[in-house]
Structures are given as C-alpha cells and as structure tokens.
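Enquirer: Sequence:
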Amino acid sequence: MTNRIKHMILTTIIVGLLFVASTLSAETLEPYRLDNGLTVILHPVPTANKVAFVVLYNIGEDHDPLGKSGMAHLLEHLYVTAAAGETPARDVMQFTRHYPAGWNAQTGTDYTVIASVVEVEQFSVEVKDIAARMNDLRITEADIEREVPRVVQELTNMYGGIPMLAGINHARAQLHPIPQGGQRGGAVEHLQTITLDELQQFWQDYYKPNNAILIVAGKFKIEKAKKSIHENLSQITLGKILPEPHPKPKPKTGNVNKITVQPVVPNATGVASIGYAAPLPGSIEYAPFLIVYTRLLMKLQTKFGIGKVQPIYYPILDDTSTFVLQKELTPEEDIDAVQKELDKRLQDALTAKLTQQDKQQTINSLAMYLDIADVPDFYLNQNIYGLAFAIGRRHQLQINGKELRTAIENVTDVDIQNLAKTILAPEKRVTVVVNLEE
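Take 44 as the starting number for the sequence shown in the numbering used here and just add one per residue.
Some hints here could point you the wrong way.
[Claimed, not checked] Here are the simulated lysine-lysine pairs, PhoX-like style, with alpha carbons at most 25 Å apart:
hint: 1; residue 1: LYS270; residue 2: LYS171
hint: 2; residue 1: LYS262; residue 2: LYS301
hint: 3; residue 1: LYS346; residue 2: LYS301
hint: 4; residue 1: LYS396; residue 2: LYS301
hint: 5; residue 1: LYS351; residue 2: LYS387
hint: 6; residue 1: LYS383; residue 2: LYS346
hint: 7; residue 1: LYS471; residue 2: LYS301
hint: 8; residue 1: LYS396; residue 2: LYS383
hint: 9; residue 1: LYS171; residue 2: LYS262
What the hints contain is simulated information worked out from the structure, not anything from laboratory work.
Given these sequences and hints, build the entire structure.
Expert: See below:
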C-alpha cells in the first residue's frame, strides 16, 4: 500500500508539471448492473498492452464487528491467498509471482480493493478467478495461521516500525477514533480472537456481487468482455446488505501526542506530524482544499523521494478523510521550531493570493484521479491499475468530474479563508511527535 501511495503522489507531481490539459473528456463511462447486483464498469484503452481488473467492495474497516477490529483487513489477506475454484491456497509470495505486471489488495475505511494486471490473452482466465473468489473461497485454519502474523507485522510497521507511517497512523487514530479499542488496520488483541467460522460467515454474508463493483481497464473488446463477465459472474448469489458503520467516538484534536518507537528500517529519523480531518468529496470545502493541497505538492515536490519522510499524506482516493503534513525530526532539532515550520507551510498555502494558475495546476495535477480533464493515453498506460481504481472509487464516492472541475474554477479567496477558519483551523489539528528509542 505504501509504495502505491508514493507512486500516486510522485505521478501527480509529474503530471502537474508536464501535462497541460484544458478540455474535459468526451467519453462517458456508463456502469451497468447484472441481475445479481454486480456493478460493472468497462474502460477500454486501445493503446494499452495489458488489462487491469479491480474488484472494489463497499465494505471496509468501518464495517468490522465491534471487538473484532481488523476483520476486514484479515479477510482481504485471505481473499487473495486462500483456495478458490481450481486454484490451491498460496502464500503472498506465490500470489505476487502470479501477477508480475501488478496487483493490489488493500482495505480502507469504506472499501476493499482486490486488483490484478494481466496480459490481454489472460482476460477470460482472470474473470474465472474473480468469480471463484466471490463464489468459492475456501478459508481454512492453516490460512489464518499463515496470514494473522502478516497482518500483525503490518500493524507493527504502521504504528512504530516505520516512523513516517507511525506519525500518520497515530494522527489518524486521534482524528478518527474507532470504538472499543479498535484501530486502523486492526487491533492485535482483537485479531487473535477472530475465528474461522466468523471469517467464513463474514465472507459469505458480504463479499458478494451486490456489494461490489468490477472495473476493467485496458485493451479488450467490449462485447467479448461483457460476454465473459456475464458467463462467469451472473450466477453468483447475492449477499446481505451491509450493516451501517458503528458510531465513532469524538475526535481528540488540539493535543500533542508523543510516542517512542523502535524502527525496523535503516537510517530512520524521528518524525513530527500535524494532521487534520480532510473535507470529504461533495462538501463545499472540497474544491478549495484541493487547491491548497496542490499548492503544497508543488511547493514541497523536492522533498519527496525513496527513503525520505514524505512531507504530505493525502492519498486522494485511498484515504479521503485524513490530511497530514510531516517533517523529519532529528535529536538536535527543537520540536517547537519544527512544528512552527509545518504550520508555516500550511499557512503559506492558505494565505497566498488565488490565481488562475492555481486552479489550472490543480486541474492538471489531479486529472488522472478525479476525471477533471483529459489525460493522454501515455499517462494512462503508465498505471493502468491506477486508472481502474480511480474509476471505481469515483463511482463509490459519487465524484462527478465535470461538476468538480466547475467547482474548482469557481473557488474564491473567501472560500480558502473559510477553509482556514474551519477544517484547517489550529484547534482542529492533532500533533504527533515520533521519537526513536535510544
């Protein structure tokens, strides 16, 4: 997940710098639905040489049963490694080797994505596997014994082993608390109580066509694709309607949270993070926020890089609710001075006079994800999975590219000032200081 988000941010910067777009896409993607409720979205890219399949479920960590934080995350692991159809159980290395062109398995607060990129001639084979995992997933105790330690290791990295991630995840935990001791990714003590029967029932109830979107992007024949999808997926029975997410505790903003971690990565440094609950798509603050975010991206572009503390966390479609600014923190630095520098970065982005260039740069930079301008096939082919995922998440989040572009073009200085007084006000933030064990 982390590498995908880094790729997304770097691609955003590159596209923003090189791609000048001024017209909206004339192509409209029309979703259609099978009788069992599966939503299908096809997006042919004639110049592509691969096909990306994305199964996007409307279930995520918000739907974990109380006291079972991590259920959806663990199920995601099992979904791609347990036996299904004619494919035997496999470990994660076998899974990744099966998809050398690309894959993803990721759980968000309101979604689960299972994705693969395959050769054009593998289209029908991949559709059969998608059907098998939706209809004939066979989870065993051996699968659980193999995957729980992997989830626990991911949690260790998320909350301590990788300081940059620790800053983000501890900030998110304060901004979006989970009831009964849960946490993003799962709580170890909860994971250890989840049974085989519970996992099998969770899959049987919810990981079904009426709770899913299938997005296919790349090189394929539309009618042939529809035929294959109908033959393999139309007979799968419906699942239950998703439960409403549990009410969440109030955010714990205005605090400074200091934690000490033992890193598992070389050359790690401490991290200072300030986080905010980001405005959600569709809100009146969303378009002005995107302009501020793009200003920060352009200003801080030289600070991105492998092995560096990433200065901004806001994966536009992966995690729409959390916005974090970060900076390395060495033992010699004064934490108050570092916090002031982070705050100045944000204030500079909030107080600059709004220009037409700001708006156009936002449209250009985010076009690939938000469908607010045409994107040349060259860029689409660099990340055909990203195209499919973006189409699906826009559908889930009800983002209309044309309407959003208009909203961006109509943003005023007053809108950004209101953003600074509300969503990004000092009292709405959380501060996390990540120190390293000596």
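Enquirer: Against this structure, judge whether each hint is valid.
Expert: Outcome of the hint check:
no.	hint	result
1	LYS270 to LYS171	12 Å, holds
2	LYS262 to LYS301	50 Å, violated
3	LYS346 to LYS301	24 Å, holds
4	LYS396 to LYS301	35 Å, violated
5	LYS351 to LYS387	20 Å, holds
6	LYS383 to LYS346	18 Å, holds
7	LYS471 to LYS301	18 Å, holds
8	LYS396 to LYS383	21 Å, holds
9	LYS171 to LYS262	18 Å, holds
Checked against the numbered hints above, the structure violates hints 2, 4; every other hint is satisfied.
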